[in-house]
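Participant: Chains as they are written, first to last, in the working numbering: chain A, 1 to 284; chain B, 1001 to 1284; chain C, 2001 to 2284; chain D, 3001 to 3284.
There may be inaccurate statements among the hints.
Claimed, not checked - Computed list of lysine to aspartate or glutamate pairs in EDC-like fashion (alpha-carbon distance at most 16 Å, straight line): (1) C:Lys2015 <-> B:Glu1053; (2) A:Lys15 <-> D:Glu3112; (3) B:Lys1096 <-> D:Glu3112.
The hints are simulated quantities; they were obtained by calculation from the structure and are not laboratory data.
There are 4 protein chains.
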Amino acid sequence: MTVTAVLLISCRDQKGLVAAVSDFLYRNDGNITHADQHTDPREGVFLQRVEWELAGFRVPRDGIAEAFRPLAERFGMTWSLHFSDAVPRVAILVSKLPHCLFDLLARWRLGEMRADMPLIISNHDDARPIAESFGVPYHHLPVTAATKDDQEARIIELVERERIELIVLARYMQVLSAGFTGRFRHRIINIHHSFLPAFAGARPYHQAHERGVKVIGATAHYATPELDQGPIIVQEVARVSHRDAVEDLVRIGRDLEKVVLARAVDLHLRHRVIVYGNKTAIFD
Amino acid sequence: MTVTAVLLISCRDQKGLVAAVSDFLYRNDGNITHADQHTDPREGVFLQRVEWELAGFRVPRDGIAEAFRPLAERFGMTWSLHFSDAVPRVAILVSKLPHCLFDLLARWRLGEMRADMPLIISNHDDARPIAESFGVPYHHLPVTAATKDDQEARIIELVERERIELIVLARYMQVLSAGFTGRFRHRIINIHHSFLPAFAGARPYHQAHERGVKVIGATAHYATPELDQGPIIVQEVARVSHRDAVEDLVRIGRDLEKVVLARAVDLHLRHRVIVYGNKTAIFD
Amino acid sequence: MTVTAVLLISCRDQKGLVAAVSDFLYRNDGNITHADQHTDPREGVFLQRVEWELAGFRVPRDGIAEAFRPLAERFGMTWSLHFSDAVPRVAILVSKLPHCLFDLLARWRLGEMRADMPLIISNHDDARPIAESFGVPYHHLPVTAATKDDQEARIIELVERERIELIVLARYMQVLSAGFTGRFRHRIINIHHSFLPAFAGARPYHQAHERGVKVIGATAHYATPELDQGPIIVQEVARVSHRDAVEDLVRIGRDLEKVVLARAVDLHLRHRVIVYGNKTAIFD
Amino acid sequence: MTVTAVLLISCRDQKGLVAAVSDFLYRNDGNITHADQHTDPREGVFLQRVEWELAGFRVPRDGIAEAFRPLAERFGMTWSLHFSDAVPRVAILVSKLPHCLFDLLARWRLGEMRADMPLIISNHDDARPIAESFGVPYHHLPVTAATKDDQEARIIELVERERIELIVLARYMQVLSAGFTGRFRHRIINIHHSFLPAFAGARPYHQAHERGVKVIGATAHYATPELDQGPIIVQEVARVSHRDAVEDLVRIGRDLEKVVLARAVDLHLRHRVIVYGNKTAIFD
């Protein structure tokens, strides 16, 4: 596995952007392995993802950010730099339903997800045996309306102590405060069990059954202060029919939820997502 | 092509229903070619579709309804009887966008849709050349807020004069009155260009683009007084990405709309749909 | 959870079949919860699945087969009778790739799969830690061309000793002998990592990449003596593009394989599958 | 509608490619509206599509090819230059089944396909009324084994006389000679009614029904001398079940064929396809 650097860039669309970035890499002997860009003409926004091999690159790893900064400033870029051998630290929050948690841990155990998993937090104690069978510390932080602020403060403390980069809400059924989602902006991924914006809020499978839809879905999105309104990363659907009771929708939906959440986490961890406005560009 | 009879039945779930219907057919030497039923335990509803060959059936065609009536009354059935060689009469309502109209007429011309097509109505004159190229009479009935009642009255007059059984709203962009939809209950099929209940109302592709969804859809449903709330017949979706501008969603959506509407009309014309509550059972 | 009985029936199509079966249930006060049938006119075959509540049924559980036999013989039926509270015993065979194994065990652990899991067999020792973490006995039975017969004999011995009803090949990369597949006819489910009949045999993802397809798939089927030719139970596909290297196809395919295999096993265990000729009817 | 130029480039992967192309556009004040590239590391191939506005570009339209040539030669590029206001000339070949023909003509008539349609050729006379209703000249060129060479010569004569750029085989059921396909390399798009490579050759729906698949498909590909082996452009699938007879597969498949063929033609006409080896890269 060759080590690569990834630049994620967004800025106002201007002439010469691609030329400038590609020239920067070319002058320094960068071997580009993946490059993709997108211009949104309505918003006047330019987005780019470019990945190149560190081996042979003339700028040493520690100096790349410094070397790129003048160019970034010239164009007024919002940008981030990542290295493929970094191992991000991920926390999972879960309530009672454990299928997404189990699925993420299985992928992690089987080496499909490059991450450290030092932290599982739940408002219930049900999933503890699963966490323990995977050797991941489990924190049971019950919550009531009265203790919500305290509980969130405790979560923040754990997340920061463990230097968590990504928080995954794996069917965590508590609404997080605006303070919380704002603090970890674009670093919290939630799975909602409907194809948003249909059936936002509680009990989407019951709503879907009640409405008699022929298609159900799941949506992974970044959590924002507005419930179920954050930038969508992945959506997937499955066909259903009048034969399917609510329990069947729940059963069929579980597989959607697992796959959609895992795919979103994977895209995020591989630096394939750029958020702009309330949308995402996915460079896969 | 052998001629068949179709019974569509719905009633309160009771023991002996399937036995009674199958016994009725068996005693009269009915050769069943398709039978399907569904029990909704939550609603306590039983639905059945059964189709059998007329050839060899002991009850003459004209006497079948009479012969079946006592059984239907015993179980309190809502039921209808259809024959496969009947040719239903269909009217199409359209506004400016002609792709669904064109698609339906092409299917009709190519013999894919067993129906007579004596009537196209539009609030604009744009689609007249298409109607004429297929030899279908075209009625231009402009509408304003002030003339809405009159225009609807005129539509009703044409529909009844032509003994229309099914009205297809092929991107007809006017909201129909409760009186109109009530008069042709479960006989009006509308295509909505989103996967309902997401993006009901106006400009769903703009709404979808604004929200940044990764999936768009189309929904065919029976029109009811509540806009975009009627029983869903068919839904289909397509994947989209950040690369797709609103115009791309419109372009991708056109194919969804055409296929979804045509499939719903086909299911209706082949007596494959039973409406119960605000839902449909599709026996395909 | 109410206990139900399920009859799976296949026979030559004849008049009176549905009437006879429904009359049998009605006379004995059977409360039908699910009934579905299919007539294949080309093959002249009739298939039926009917499920009813044991509570209130006049024939005691132990006497149902006896009571039904005369009717079955009159029509020359092939049939089987199942009860929803029986817990089938399942064995999993696996080679090196553990994702399907892990997925099945997770579903089992989470209570999604009603079965006992007393036996995992592999020609490698790699998956032992997974089996042990779920508390399932693991048998490492290495195999070479020379020892193939002995190894299969050993598998048969274990399967029969454990009274296994269903064998799941969860990416078991050995070709089983005709003797083996014949012995457990329609009781072995295999997952093949392509949409058969495309890319049968070895390395289907490499074949798919080489061919430049835009869609990949997975197929669960009953294993028969002819490799990858058995009756198909479930197929699912995913979109791919020129951007996807073989490793991406493998990654995307893993999720397909897991879901497709699990769904096929679930359908089999819930008695939703009837095999006829080299095909399946799925009554879901 | 602003007029744009499109460059399609393929060459051996080398450092500096993106920098050189983007520098060429930047130096000449090109306003890039779409740029996408792909590196295939296994093949060592680089592909790029770049589109920019002609308005404001310093090189006049007629001089762009000349201005770009030195750069192209330096990197050993295979390349082509296109302008968005050019109207390509398309010929359609059809046999008896007219649904794809009708669909393409409808899209053309409705303005969805930017092309001239001066030529429809068929080995049967059946589709003549359709061609005439759209005002497109129809040539009936019957063919037998004995007259095959002559008939192809006649097709070539018509195609060249009409300066056709793209030939669409809209269910044209004759195998074309290697001479023919070689002459119009990557300029003939065929629709095959299966998800290739499954069910190549004749009667794929019959093959699919016989095999009992749960998914059917359609494939649009460039025709090459090897039947059904050319580079795949678009594939799409639909779910089927044991309830679907061959005629149902044909009916369901028709919609797949129409959409898949139309999408492939659209991608080709908008210069979104680059062929490399026996594959395509789709820059959509």
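Participant: Decide, hint by hint, whether the structure agrees.
Facilitator: Hint-by-hint comparison with the structure:
no., hint, in the structure
1, C:Lys2015 <-> B:Glu1053, "holds, 12 Å"
2, A:Lys15 <-> D:Glu3112, "violated, 31 Å"
3, B:Lys1096 <-> D:Glu3112, "holds, 15 Å"
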